[in-house]
Structure formats: C-alpha cells, structure tokens
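Trainee: Letter by letter, the chains look like this.
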Amino acid sequence: MIRSDFQAIAKWIAPNSQVLDLGCGDGSFLEYLQEQKPVHAYGVEIDDSRVLSCVHKGLNVIQQNLEGGLALFENDSFDTVVLSQTLQTIHQTEKILHEVVRVGKESIISFPNFGHWSHRLAVGLGHMPVSKSLPYQWYNTPNVRVLTVADFEKLASNLGLKVIDQCILHDGREVTLLPNLFGSLALFRISRA
Amino acid sequence: MSELHLSRNTIHFAEPLPLQSGAILAGYDLVIETYGKLNPEKSNAILICHALNASHHVAGPSPDDPEDIGWWDNMIGPGKPIDTDHFFVIGVNNLGSCFGSTGPMSLNPATGKPYGADFPVITVEDWVNTQARLADKLGIRKFAAVMGGSLGGMQAMAWSIQFPKRIEHCVVIASTPKLSAQNIAFNEVARNAILSDPDFHGGNYYAHNVIPKSGLKLARMVGHITYLSDDDMAEKFGRELQRPAGESDDYRFSFDVEFEVESYLRHQGEKFSKYFDANTYLLITRALDYFDPARRYEGSLQRALADVQAKFLVVSFTTDWRFPPNRSREIVQALLSNKSEVSYAEIDAPHGHDAFLLDDPRYHHLIRAYFDQMHEARR
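Protein chains in written order, with this note's numbering: chain A, 1 to 193; chain B, 1001 to 1379.
Possibly wrong hints are sitting among the right ones.
[What the hints assert, rightly or not] Which stretches of chain A does chain B cover? Using the computed rule of at least three CB atoms under 8 Å from a CB of chain B, they are: (1) 51 to 62; (2) 72 to 84; (3) 157 to 171.
Since the hints were made in silico from the structure, they are not lab data. Quantities reported herein were computed from a predicted structural model and do not represent experimental measurements. C-beta atoms are modelled at their ideal positions from N, C-alpha and C, and glycine is treated no differently.
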C-alpha cells in the first residue's frame, strides 16, 4: 500500500537528482522513489528500528535528530529535500524550515491538514480529531505542532519562503475547491525566495 | 549449524616493504586466520582489522588453546552478524604486533638479535599496504568489505583511500578521522610509563631478559579508563570497597587497594603485561597518533576521501568519550559532501568505547542487516 502523498511528491522530483529525505521512516518513500526514477538519495531518521529497516533495504540512511538542525549537510547540496509528514513532529518549526531551504535547492513539505472539515467538526463537538490523516489520540500522538494549509502559507510568507507549487489531497485525490476545508494532506513545493 | 572452518597460517613476504617513514623493512611474516570459504570468484572476502591489543584470532576457539576465544567471536561466525556461511573472513595480525607477525620481538636478520628499539615506526597506511600484499597473495582483487573498530576502523578508512578500487564496503566502527590532543595525551602518558620503566633499557630489554612490566601495566591501566564510560564504571564499581566477606567497611587509611575499581584496573594491567609487548604498545599508540588522512589536504577530510568508491557504514556509540559520535560524524559529513554512499548509526549503548566489542542487540542487528543486504544484493 503506497501512501497517497508518495506519488505526488515523486512527481516533483526530477530524474537523476540528489534527494534528501528528512524523517525518512522505514525508507518506504525512498524505495518507492528509486523504483520510479533514478535518483541518488539519503534518508535521515532518528528511530533505531526504522534506521534498521532502511539498512535492510540497502538505502543510505543517517541516524540523526532533526531538532538539532542539519549541520552535516552543506548549503544547496541537494536538488530536493523532502520533509514528508514530519514537520508536525518537530518542535523547532522555523529552524527546521530554514535548514531545509538552506540545504535544498527545492524542498517538498507535506503535513496533515488540521483544517479539514472533519477535524473542525470533531473540535466543534468537543473532541480532538482522530482521522486517517491524524490517526492518533491526543495522549499518544507523535505530533507536537498542528497546523492548517492556511497556517503554513502564512508561516512560509513570514519566513520569506517561495511557494513554487502546492497540492492538497484527500483520499489520494487532489482537492481544488476550498482545499483548506476539504483537503486532509497538504504538499508544498518551496524554495528560498 | 554449519562450521567455522578456521584456518591459521603464517605468510612470508620476501619483497622489501618501503614504509611511510622512509625506512625499508627487508622482509616480514604476517599471521592470519581465515573463517568460512572463499568463493570461486574470490569476491566474498572480508578483511577484519584489529585495534590496539588484538590479533589475527578474531573468531572461534584458538587452534592451540580452545579456551582462547577470538576477540570478535560475537560478531563473526556461522549464523552471526557477519555470517561465515556467506563470507570468507580474514583476520590478520598487524606488522609490529606481538602475536606472531614480524615485530620488535622478532629477530632482525641484519643482527641476528631481536629488533627491539630498531624496529621501524609503522603507520596505519603501512599496515594497509601489507594487507594489500596479503590480498594479492590470496588472489583477492577486491574485498567485499574491510571492517574494523577503533584503530581497526582507521585501517578500513585508509583502505578506502589507498585502494579505492579494491574495497566494496568500508565499515568503520567507534573510530575517528584523527586523534584529538586529549587522545594523544593519554597515549603519551601510557608511553611515558613504559619509557620510564628502569627495565625498558631503551627498548632492548629482551637482551637483559626482563620486560618493563610495571610500565606496561600502568600503560594499560590508563588506556583502560578511556575504554569505559563514566556510567559504566559507576555501575560496575561505584565506590565499592575491596573487602573480603564479613570484613568491616571502614576505611583503612592506606594506599593499598581500597576501592573495587583500583583492584579491577590493577588486574587488567597485570593480565595485559603478561601477554603484550611493550615495544609493540609504543608502536601502535604512535600509529594511532600519526593517523590523519586529511593532513596532506590542508586538513580537508572531504578531499582526502574524494576518490572513495566504497560504500560506507559508520557506527558510533553515544557513551564513547574516547572517539565520541562527533568524530564519526566528521567522517560522515566528508562522505556526504562528496556524495559518497554512506549510512550512519549512532547506538545508544552504555558501555563507552568498548561497546564495539560487546553484543548490544541494536548494534548487532544493524551489522547483520548491512551484511545480509550485501549478501542478498550480490546473489
């Protein structure tokens, strides 16, 4: 089962590019990407068992905590930096975004959209939302930052980031009508302004 | 369970060896042990490089003493993380060491006496040259992997630089691209202990039928401290007093062994001084000090590693303060800047530098995954 954002992210990555996948998990995306097109890639992951999975898959993986920044990586050293459904798990949001656009010529950020109508409804009814895109209870979620499409756009603008493209999904399909209300997964393609 | 297929051999090299120092060694022997079987293509060989005090005896029971189990037996053997059912593993005793390969204890053909102080200073790069000659003798054009921990990791790194085409994977564990001033300082204390022992006789103690035992013991004691973490020592010894059962825990107000940790260090030093050669200790600590592949590139490790073709696995341990994770990250950073293939794991193990010899499951699972993947990819 391929995560619905994989395909959309892969579309924005050119063949033969240098790719850095931050918070690469068990390496599923990089494995998928390398099946789609030739790229040279590294993953970054903190969790022992996920690092192990990446090594099992023969991927380049660097075990590191993203909260500490990306000191191992030089400016503009990657064509594309991917931060896929990881932004919401990082405390130092502004720092990681600065680091991502420093290291990548382009970056792709994806995150679950808290603004989806079902999430709004849940909160309206007095409960934190639990859904396909936010599948955790409030007490066991790894997410430490919840944000909406509109929130991200505002922060990107405040940080002087250029939004090259965006794609808001629900159930794997692109949402063009009121995406902040009907989209559950947001993808942004950004760079330094 | 399949067999280890251990075989031990002494291999003579008649061709003189030019050393980094400019000296030339006339001829020399290397003792090796091998495990598993070399495939017909000779493409499944893994070279294991040893650290300061180890030897060619990497795995299994020693052929001459079944009690003596190889120093990395938890890592290498049938069904182990480095599976000798798939790989042909070679352990080699380095030149200058004291376990059978030519070293300061060996007879100098020019004088008919042990080399002693006349044995030339050897560098990591010199070792790698001897290991490449060994590979030639065994008909191995390219190693599937060269692997080592600590000083052994330096040799693996040097392999990837000196013979980039002859090594497919480079596995560098608990190592560093160069010693820090603090690392050199500890080595200097150890060497000074040996050099100032009255039984050292300028390195020619063999002729006097003595060994600089107390110097060697002290050297090992100070070295040993750097192999353990503070937490590990606290856990193992704390402030426990060395007292026979039933005796009072009052201080004795003396300089004899009072604390458990003192007793442990003395025991380790004593044990070491019985089997290790003092001149070898000097040589090997100096090889550690001198290792600095970036030196000839104005300090740029990235440039030193520019020609690397091997795929790297770099592993560090969080509580290792001798070669802490930051030192491994320097290697990783240089490889990343060169866009070389590299994976890096930081194992949160409590055992300090020595962790690379122990069987922490996260560490062993990782090494197993890496070598299994290598084996699968080659089939």
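Trainee: Are the hints correct? Go through all of them and say.
Mentor: Now for the hints, and whether the structure bears them out:
no., hint, verdict
1, 51 to 62, "holds (count 11)"
2, 72 to 84, "holds (count 4)"
3, 157 to 171, "violated (count 0)"
Checked against the numbered hints listed earlier, the structure breaks hint 3 alone; every other hint is satisfied.
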